[in-house]
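If you read the sequence shown in the numbering used here, its first letter stands for residue 1, the second for the next number, and so on.
These are computed hints drawn from the structure, not numbers from a lab. Bear in mind that the values here come from a model prediction, so they are computed numbers and not experimental data. Hints should not be assumed to be uniformly reliable.
[Stated by the list, open to error] Listed next, the in silico DSS-like pairs over lysine-lysine satisfying Cα-Cα at most 30 Å (straight line):
no. : residue 1 : residue 2
1   : K587      : K944
2   : K384      : K418
3   : K374      : K341
4   : K932      : K874
5   : K374      : K392
6   : K874      : K597
7   : K660      : K384
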Amino acid sequence: MADNSVLQVAAPAADPIDQLDPREFILIKNARVHNLKNLSVALPRNKFIVVTGLSGSGKSSLAFDTLYAEGQRMYVESLSSYARQFLGRMDKPDVDYIRGISPAIAIEQKVSIKNNRSTVGTSTEIYDYLKLLFARVGRTYSPVSGEQVRKDNVADVVDYLMHLPEGTRVMLLSPLLPAEDGRPMSKELDLLLQKGYSRVVVNGETAFIEELIAEGQPEVKGEVYIMIDRAVIQPGDEDLMFRLSDSVQTAFFEGHGTCLVKLDDETRIFSDRFELDGEVFEEPSVNFFSFNNPYGACQTCEGFGSVLGIDEDLVIPDKSLTVYEGAIAPWRTDKQSEWLKPLLKNGIRFDFPIHRPYNELSEAERNLLWKGNKYFEGLDSYFKWVATQTHKIQYRVLQSRYRGRTTCPDCRGTRLRKDAQYVKIQGQSITDLVLLPVSRALEFFQNLELPEHEAKVAERLVTEVTNRLEYLNRVGLGYLTLNRLSSTLSGGESQRISLATSLGSALVGSMYILDEPSIGLHPKDAEQLIGVLRSLQQLGNTVIVVEHEEKIMEEADQIIDIGPEAGSGGGILQFQGTYEEILRDTKSYTGQYLSGKLEVAVPTTRRPWRNALELTGARENNLKNVSVKFPLNVMTVVTGVSGSGKSTLIRRILAPALLKQLGGGAGEATGKFDRLTGVNGQVTHVEFVDQNPIGKSSRSNPVTYVKAYDAIRSLFADQQLAKARGFKPSHFSFNIEGGRCEVCQGEGQVKIEMQFMADIYLTCEACEGRKFKQDILDVKYQDKSINEVLEMTIEDSITFFKDQPKIVERLKPLDDVGLGYIRLGQSANTLSGGEAQRVKLASFLTKGNTLQNDKILFIFDEPSTGLHFHDINKLMKALNALVEQGNSVLIIEHNMDIIKCADWVIDLGPEGGINGGHLLFEGTPEEMVKLKDTNHTARFLAEKL
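Please model the complete structure; the sequences and the hints are all you need to start from.
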């Protein structure tokens with residue numbers, strides 16, 4: 001019997017994410033951006049969410065390249081075609097759908113400001129309000145007498161006159177100024193007569209003009225004043241008041257801004273010019289306080305804040321020496337010592353201590369050494385003389401040896417014209433305020449008391465300035481000055497400034513996406529940051545933070561963990577839930593590190609050390625005369641709360657001073673310190689491994705940076721087909737003509753200029769984005785073309801090239817520092833600051849064998865940036881490898897996992913800014929933990945040890 005039953009196909013099971021309400025969740029379905037593997041996730045609205053996972057697992061791909069990119073694209077699509085031309089064209093992320101998305105604001109950690117005129121004050125707009133405030137209510141004071149400079153007007157003079165006692169006789173006079181063309185006084189008086197004036201006052205005596213210019217009268221000599229009007233004061237007489245107003249106006253006109261009121265026993269001078277003590281001052285205006293405007297910029301440094309001058313650190317390199325012992329470097333030679341002899345011979349006459357070290361001389365004694373006196377010519381005169389001898393090559397060399405960038409003496413580095421400092425509010429000039437730490441500037445504005453009229457004018461401005469300063473202080477940047485250059489900020493500082501600016505705008509219903517805001521923050525300051533993020537969320541925003549900091553994860557409403565591994569092994573949603581739930585999770589690396597199942601191991605022993613660099617008397621910025629030893633051939637960590645002086649000590653003093661001693665870094669200014677000892681033979685190189693990009697062009701990439709590409713190109717040139725076609729290694733380079741696609745010049749993309757719309761980048765049609773000509777791509781090694789090799793991750797390529805030890809040797813360090821997930825040909829400008837820093841570290845590890853005779857001091861600035869706990873394990877192995885090669889490693893760091901692995905810890909503090917700059921501790925981590933009741937770092941380190 002035939003089976004008549006209908007064949008039923010099971011309907012696909014409904015995806016639970018489709019059932020959720022987009023008004024309550026932001027829904028992402030099947031995201032495939034970069035390494036994301038059809039990842040679906042529902043983010044609850046108006047919550048504080050942390051996205052975490054290993055470096056390269058896909059966190060940023062989810063948060064920035066999917067969520068933010070779609071939010072921005074939808075916003076741009078809603079604008080007119082005219083407006084769209086000013087905004088970048090945005091591709092739609094590779095995803096099935098994203099529903100319930102809010103307007104997106106991304107705050108990234110890139111220091112994108114390259115403008116060397118941008119400061120913290122200008123980027124937060126505080127400086128714009130300050131300019132307006134000083135232009136409206138600032139008062140100008142004369143630098144000569146300290147008196148306020150005033151400009152009198154007609155009302156001031158009439159007011160003075162009408163308040164005189166009844167019956168007072170007054171005369172209104174104007175000085176008669178000599179004619180510019182030198183004509184005689186009689187001609188001037190004749191002109192006055194024609195204008196309608198009848199009397200003048202000559203040398204205190206009143207006279208009729210007609211009588212003075214009558215025939216036979218001698219030429220008038222001495223001081224001559226025009227009598228404009230005479231009156232007897234009657235207070236309350238309105239007609240008299242109107243008459244005097246006209247007369248005063250005439251007096252100001254005839255006297256070119258000066259009017260005299262002569263009473264019986266005194267004469268009062270009024271001026272409608274802005275002058276005092278014989279000096280004419282500029283009236284404050286907004287441009288007067290703008291260093292980006294030629295009118296307001298300092299004339300000496302042209303608005304740059306520094307000048308190329310004689311560098312004191314180069315002239316007197318060792319400040320512990322006395323003048324007699326040869327502290328002054330240029331005067332040590334036989335010929336130049338002639339300049340020193342008069343000082344040694346006559347020093348006793350003016351009580352100059354030639355046997356006292358330079359660093360113990362008083363300010364006046366140091367100035368005397370530079371300025372000189374009648375007994376000897378100082379260093380300033382010496383260098384002026386050297387400048388006159390520069391037609392001789394040896395003097396040109398001598399001059400260049402002692403020149404460097406120094407702070408402009410006129411504007412104190414604020415780039416503003418000198419007379420802008422004469423305008424003050426409550427005793428402070430705009431220059432004083434921008435040089436104060438934000439926390440101190442905030443106190444000034446909170447306690448500001450102005451007269452009633454000025455308070456009304458300034459009310460709105462003071463509110464705006466105070467609010468912005470308050471937000472900067474809340475995000476842990478109270479130690480910065482408003483004058484600090486934006487380009488010198490770290491990624492974390494730059495991001496927190498953007499965060500403070502966002503708080504100031506107080507938007508609601510938005511989606512804030514932040515990239516590791518805890519970078520550069522001590523765990524103590526991270527607590528404050530959490531409060532800021534919470535207040536942003538409580539306004540009614542969804543706050544999504546890509547983060548590795550344990551404290552921030554603890555406070556999150558929800559944690560999303562992407563993994564399990566990096567690169568091609570990542571891109572999967574490992575976990576979504578609360579902090580308590582992730583502690584119980586056994587699959588996620590994050591959960592295992594948070595619960596203590598996995599950990600960064602503490603070394604069993606600390607390396608001992610014998611030699612050290614000793615820095616004495618560091619006094620730059622907020623450092624309080626710090627003297628400290630930096631051990632060599634071990635791993636040292638410098639720590640302390642944000643703004644305690646770590647970067648100043650290492651980046652501004654130790655690194656440049658060391659470079660100068662080793663014969664480099666002449667142009668770089670060194671912070672104030674007394675002396676640096678222990679260098680001779682113990683250190684031969686300094687390598688500062690920071691987070692700046694490894695290359696500025698899109699052509700620079702990791703494989704070229706670690707010099708592995710040369711070997712790969714040679715390998716391809718050795719293939720049978722390449723030899724048959726006559727290809728050299730250069731044919732396999734996308735940087736030079738030969739084998740690259742000439743349509744896109746090896747970029748893989750072609751830029752199409754769209755006139756009134758944004759430029760569009762399209763995949764090159766000639767090579768289909770593969771960068772090389774077809775005959776080059778025909779050459780294969782193990783069935784892969786050169787382009788396919790460049791698209792591999794580091795991890796995959798090490799397996800692929802396992803038979804090529806030369807290539808593996810160069811690539812292995814990239815994997816060792818936790819960068820196995822990046823592609824060989826990945827453009828340098830797509831790498832984060834932390835990734836760029838680790839590529840540099842890998843390049844030093846590859847050089848390990850060639851640099852074995854060198855003793856290098858490696859300085860790292862926060863190498864833990866962007867690293868998961870699991871990656872820190874790899875990083876520590878790499879850093880230890882550098883020490884094992886006979887080098888010294890010095891790290892500026894807040895991460896407790898790195899601090900606990902150090903051989904030696906140097907802690908600065910106790911707080912940031914003016915309350916920091918003291919050396920609190922130097923010793924091993926075990927010794928430091930004993931201070932946990934009195935030291936911020938020790939308190940958090942105790943939890944780890």
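**Asked** Taking 30 Å as the top limit, are the C-alpha atoms of K660 and K384 close enough?
**Response** OK: K660 and K384 at ~24 Å, within 30 Å.
**Asked** Taken at face value, is the distance from the CA of K944 to the CA of K587 at most 30 Å?
**Response** 23 Å, holds
**Prompt:** Given the hinted pair K374 and K392, is their alpha-carbon gap at most 30 Å?
**Reply:** 29 Å, holds
**Message:** What's the verdict on K374 and K341, does the C-alpha distance respect the 30 Å limit or exceed it?
**Reply:** Within the cut-off at roughly 14 Å; holds.
**Message:** Holds or violated: K384 and K418, Cα atoms, limit 30 Å.
**Reply:** 24 Å, holds
**Message:** Just to be careful, I want the Cα atoms of K932 and K874 compared with a cutoff of 30 Å; is the pair within it?
**Reply:** Holds, at roughly 28 Å.
**Message:** Given the hinted pair K874 and K597, is their Cα-Cα distance within 30 Å?
**Reply:** Distance of about 18 Å is within 30 Å: holds.
Consistency with the previously given hints is maintained throughout, with no hint failing.
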